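Line by line, the protein sequences give chains A and B.
Take the first sequence: its letter number 186 is residue 186 in this note's numbering, and every next letter is one higher.
This note's numbering runs 355 ahead of the 1-based position in the second sequence.
Bear in mind the hints are in silico, worked out from the structure with no lab data behind them.
There could be a bad hint or two in this list.
Stated by the list, open to error - Only part of the chain A face toward chain B is listed, based on derived beta-carbon distances under 10 Å:
no. : residue
1   : 27
2   : 31
3   : 33
4   : 36
5   : 37
6   : 134
7   : 200
8   : 204
What the hints assert, rightly or not - Here are a few chain B residues that face chain A, going by a calculated C-beta distance under 7 Å:
no. : residue
9   : 389
10  : 440
11  : 442
12  : 450
13  : 451
14  : 514
15  : 608
16  : 622
Stated by the list, open to error - With a Cα cut of at most 30 Å, we get these calculated DSS-like pairs of lysine-lysine:
no. : chain 1 : residue 1 : chain 2 : residue 2
17  : A       : 221       : B       : 632
18  : A       : 143       : A       : 221
19  : A       : 205       : A       : 231
20  : B       : 632       : A       : 231
21  : A       : 143       : A       : 231
22  : A       : 221       : A       : 205
Remember, it's a predicted structure, so these values are computed and weren't measured experimentally.
All C-beta atoms, glycine included, are put in the ideal place defined by N, C-alpha and C.
Take a look at the letters that make up each chain.
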Amino acid sequence: MSETSLYRVQTQTRASYSAGAVCIALIIVFILLPAFAGRGLIQDLFFIFTMLVLAQFWNLLAGYGGLVSVGQQAFVGMGAYAMFGGVILWGMDPVPAILLGGVAALIVAIPTAFFAFRLQGAYFAIGTWVIAEVMRLLVAQWKVLGGGTGTSLPRTATREMWATEWIQTTFDVRSAAARDILTYWLALALVIMTIAGIYWLLRTKRGLALAAVRDNVEAAKSVGVDAVRMKWLVYLVSAAGTGLTGALIYVQKVRISPDAAFSVTDWTAYVIFIVVIGGIGTIEGPILGVLIFFILQSLLADYGSWYLMVLGLIGIAVMLFAPRGLWGLISEKTGLQLFPVRRRLVVNAQSKTED
Amino acid sequence: MIWVDTIIQGVLLGGLYALFAAGLSLVFGIMRLVNLAHGDLIVFAAYLILLLVSLLGLSPFVAAVIAAPIMFGVGWALQRHVLNRVLGPDILPPLLVTFGLSVVLQNALLEGFSADSQRLSSGEITTASVQMLGLNLGVLPLLTFASAILVIVGLNQLFYRTELGRAFRATSDDAVTAGLMGIRPERIFATATAIAMLVVTLAALYLGMRANFDPNIGPARLIYAFEAVIIGGLGSLWGTLAGGIIIGVAQTVGAAINPEWQILAGHLAFLIVLLIKPRGLFPRAVD
Chain A
1 MSETSLYRVQ TQTRASYSAG AVCIALIIVF ILLPAFAGRG LIQDLFFIFT
51 MLVLAQFWNL LAGYGGLVSV GQQAFVGMGA YAMFGGVILW GMDPVPAILL
101 GGVAALIVAI PTAFFAFRLQ GAYFAIGTWV IAEVMRLLVA QWKVLGGGTG
151 TSLPRTATRE MWATEWIQTT FDVRSAAARD ILTYWLALAL VIMTIAGIYW
201 LLRTKRGLAL AAVRDNVEAA KSVGVDAVRM KWLVYLVSAA GTGLTGALIY
251 VQKVRISPDA AFSVTDWTAY VIFIVVIGGI GTIEGPILGV LIFFILQSLL
301 ADYGSWYLMV LGLIGIAVML FAPRGLWGLI SEKTGLQLFP VRRRLVVNAQ
351 SKTED
Chain B
356 MIWVDTIIQG VLLGGLYALF AAGLSLVFGI MRLVNLAHGD LIVFAAYLIL
406 LLVSLLGLSP FVAAVIAAPI MFGVGWALQR HVLNRVLGPD ILPPLLVTFG
456 LSVVLQNALL EGFSADSQRL SSGEITTASV QMLGLNLGVL PLLTFASAIL
506 VIVGLNQLFY RTELGRAFRA TSDDAVTAGL MGIRPERIFA TATAIAMLVV
556 TLAALYLGMR ANFDPNIGPA RLIYAFEAVI IGGLGSLWGT LAGGIIIGVA
606 QTVGAAINPE WQILAGHLAF LIVLLIKPRG LFPRAVD
């Protein structure tokens with residue numbers, strides 16, 4: 001076929017090559033950071049990383065899958081409680097128990113999806129919320145894990161956690177700080193895997209199918225995309241990822257209660273604002289969003305409820321005046337795409353000379 | 356006999372939930388908009404009534420009569436200037452805007468009125484009861500239930516007997532064609548939300564007299580209202596009443612077995628209905 005030699009499909013841009021290089025440099029800096037950064041910075045970065053992962057998964061669900069869920073706290077909570085269950089009931093080490101959190105979230109996501117997919121659009125949103133409430137109320141009945149008041153990880157489990165002893169001696173820090181460094185690294189690994197994984201997914205054939213389903217379900221079906229299967233795929237992937245993150249967050253927090261672990265504000269409202277303000281339907285959006293969110297939180301931390309009010313107002317304003325978010329504005333003005341997924345046909349150099 | 360009493364209490368509680376849900380059902384029916392701030396608007400109205408009661412020393416009923424036109428205006432302005440801008444085939448913008456509004460309202464109320472529980476005291480009526488069929492029934496729950504029925508009858512009359520109702524139905528079926536016939540959809544939408552806010556005011560009155568409220572209870576009311584609408588089937592106001600009753604009965608029966616199961620039982624009833632009849636018990640609108 002002569003066409004194949006005339007054109008090739010390309011997604012990379014010059015900006016994305018530089019972005020890739022910057023990313024690698026940043027990752028190296030982040031890995032080495034605990035050697036010279038204070039505990040406060042490490043904790044802040046842990047918060048930013050975990051919120052970013054939650055935001056990326058919600059974005060995958062809503063921005064790419066068109067499934068607007070207000071019930072992602074169900075998976076944060078289930079992941080966290082499964083991790084606690086593994087540690088307290090089975091005597092597992094908290095670090096491998098994080099994986100248990102991901103598995104548990106995946107398992108509860110299957111019946112959840114079965115219910116939630118019966119609802120369309122806006123009703124899906126509140127339906128997922130009801131299911132999260134049901135899980136919160138059920139977990140509050142689980143007396144071994146503290147019931148409604150919650151519980152803490154046993155001291156022995158946190159002190160003897162994998163690798164903390166090595167971190168303690170290497171960085172010359174105390175056990176609590178060593179746990180922060182360990183969870184920070186895990187969060188960093190999770191962020192990298194999440195962004196790389198989602199970017200990879202979007203660039204495969206499945207990603208193309210996903211974008212087609214998002215843009216027009218009927219048209220996508222007519223060219224042979226199995227829309228239902230795509231919905232299941234993003235829902236389960238998001239659930240597992242959110243569950244892993246929930247478990248990791250609570251390894252760092254150590255204390256859990258149903259109200260905190262299934263909080264719609266902490267695990268869904270914040271996440272939605274991060275994605276909306278940054279720019280929904282892009283990988284760059286949540287990254288920008290989480291930075292804005294963190295800056296706002298640092299600036300307004302002393303003003304209590306004013307903070308959430310401002311966040312809500314910014315979210316509304318963005319939705320009204322720049323529905324594609326801040327990253328949408330930037331990328332519209334400059335054409336910049338750091339994680340391009342759009343496939344472009346490029347005329348090959350030799351065929352150009354033939355013309 | 357105690358079970359009969361429990362179930363009757365549940366039915367009456369269902370009246371309150373139907374009041375929560377009627378406004379939601381109305382707005383959804385006409386413009387396919389789910390207002391995630393609905394519960395917070397109910398709480399907002401309750402605080403408005405509370406403010407009038409404590410500032411002017413009025414009875415809650417009189418205060419609600421004054422609050423109603425204010426809420427009507429709030430609903431009109433909200434729809435006209437904010438929500439109309441985001442209505443469209445994409446469901447994401449209206450969902451996110453109303454979600455943002457919910458968070459803003461909750462925190463504004465928290466800032467203005469603190470997190471303390473409040474209550475609308477209405478004197479004797481709160482505790483008054485009547486003997487009926489050998490049961491002791493509270494006057495307030497009976498009044499709530501009667502109001503719910505009146506609201507539903509009223510809304511149905513409005514829908515099927517008036518010119519405005521015809522415009523509502525026409526816009527609901529096809530806003531563009533309705534526009535060609537001289538109806539201005541954006542005004543119809545604003546009127547619908549404004550009327551929904553009248554129902555919200557009534558719901559707020561009974562919510563505040565029946566139990567304590569604080570700025571954070573809005574989302575839970577939204578969920579009960581939503582469950583009632585879904586159980587009843589979209590577009591059917593009587594279905595919404597039935598849905599409210601099912602949630603109410605499930606909650607009181609659950610609470611009678613174990614106080615911790617009250618809310619859970621309501622949610623489970625919803626999920627069971629959803630499992631058996633995904634489109635609700637009396638579906639009318641196709642969606």
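Going down the list of hints, with the structure as the test:
1. Against a cut-off of 10 Å between C-beta atoms, the interface hint on residue 27 of chain A is violated, since the closest Cβ of chain B lies about 32 Å away.
2. Annotation: interface hint on residue 31 of chain A violated; nearest CB of chain B at approximately 35 Å, more than 10 Å.
3. The interface hint given for residue 33 of chain A is broken, as the beta carbon of that residue sits about 33 Å from the closest beta carbon of chain B, more than 10 Å.
4. Using the Cβ-Cβ criterion of 10 Å, the hint placing residue 36 of chain A at the interface with chain B is not satisfied: the shortest such distance is roughly 38 Å.
5. Nearest Cβ of chain B to the Cβ of residue 37 of chain A: about 33 Å, over the 10 Å cut. The hint is violated.
6. At a threshold of 10 Å, the smallest CB-CB gap from residue 134 of chain A to chain B is about 5 Å, leaving the interface hint in force.
7. The criterion of a C-beta within 10 Å of any C-beta in chain B is not met by residue 200 of chain A, whose closest approach is roughly 25 Å, and the hint is violated.
8. Among the interface hints, the one on residue 204 of chain A is violated; its C-beta lies about 24 Å from the nearest C-beta in chain B, farther than the 10 Å criterion.
9. Of the supplied interface hints, the one on residue 389 of chain B holds, with its beta-carbon coming within about 4 Å of a beta-carbon of chain A, less than 7 Å.
10. Contact between residue 440 of chain B and chain A, as hinted, is supported at the beta carbon level, the nearest pair being about 6 Å apart and thus within 7 Å.
11. Given hint, residue 442 of chain B at the interface with chain A, is violated; its Cβ is 12 Å from that chain's nearest Cβ, farther than 7 Å.
12. For the restraint placing residue 450 of chain B at the interface with chain A, the shortest Cβ-Cβ distance is roughly 5 Å, inside the 7 Å limit, so the hint holds.
13. Taking 7 Å as the C-beta cut-off, the interface hint given for residue 451 of chain B holds, the closest approach to chain A being about 5 Å.
14. Interface hint status for residue 514 of chain B: violated, as the beta-carbon distance to the closest one in chain A is roughly 21 Å, over 7 Å.
15. Hint status for residue 608 of chain B: violated, given a least beta-carbon distance of 16 Å to chain A, over 7 Å.
16. Interface hint at residue 622 of chain B: satisfied, since its Cβ lies 5 Å from the closest Cβ of chain A, which is below the 7 Å cut-off.
17. For the proposed pair residue 221 of chain A and residue 632 of chain B, the alpha carbon gap of about 26 Å is at most 30 Å, so the pair holds.
18. Between residue 143 of chain A and residue 221 of chain A the CA atoms are separated by roughly 47 Å; this puts the pair beyond 30 Å, and the hint is violated.
19. Note on residue 205 of chain A and residue 231 of chain A: the hinted pairing holds, with a Cα-Cα distance of about 15 Å set against a maximum of 30 Å.
20. In summary, the hint linking residue 632 of chain B to residue 231 of chain A is supported, as the alpha carbons are separated by about 22 Å, within the 30 Å threshold.
21. Under the criterion of a C-alpha separation no larger than 30 Å, the hint pairing residue 143 of chain A with residue 231 of chain A is inconsistent with the structure, at around 35 Å.
22. For the hint linking residue 221 of chain A to residue 205 of chain A, the alpha-carbon distance of about 15 Å falls within 30 Å, and the restraint holds.
The structure fails to meet hints 1, 2, 3, 4, 5, 7, 8, 11, 14, 15, 18, 21 from the earlier list, while all remaining hints are met.
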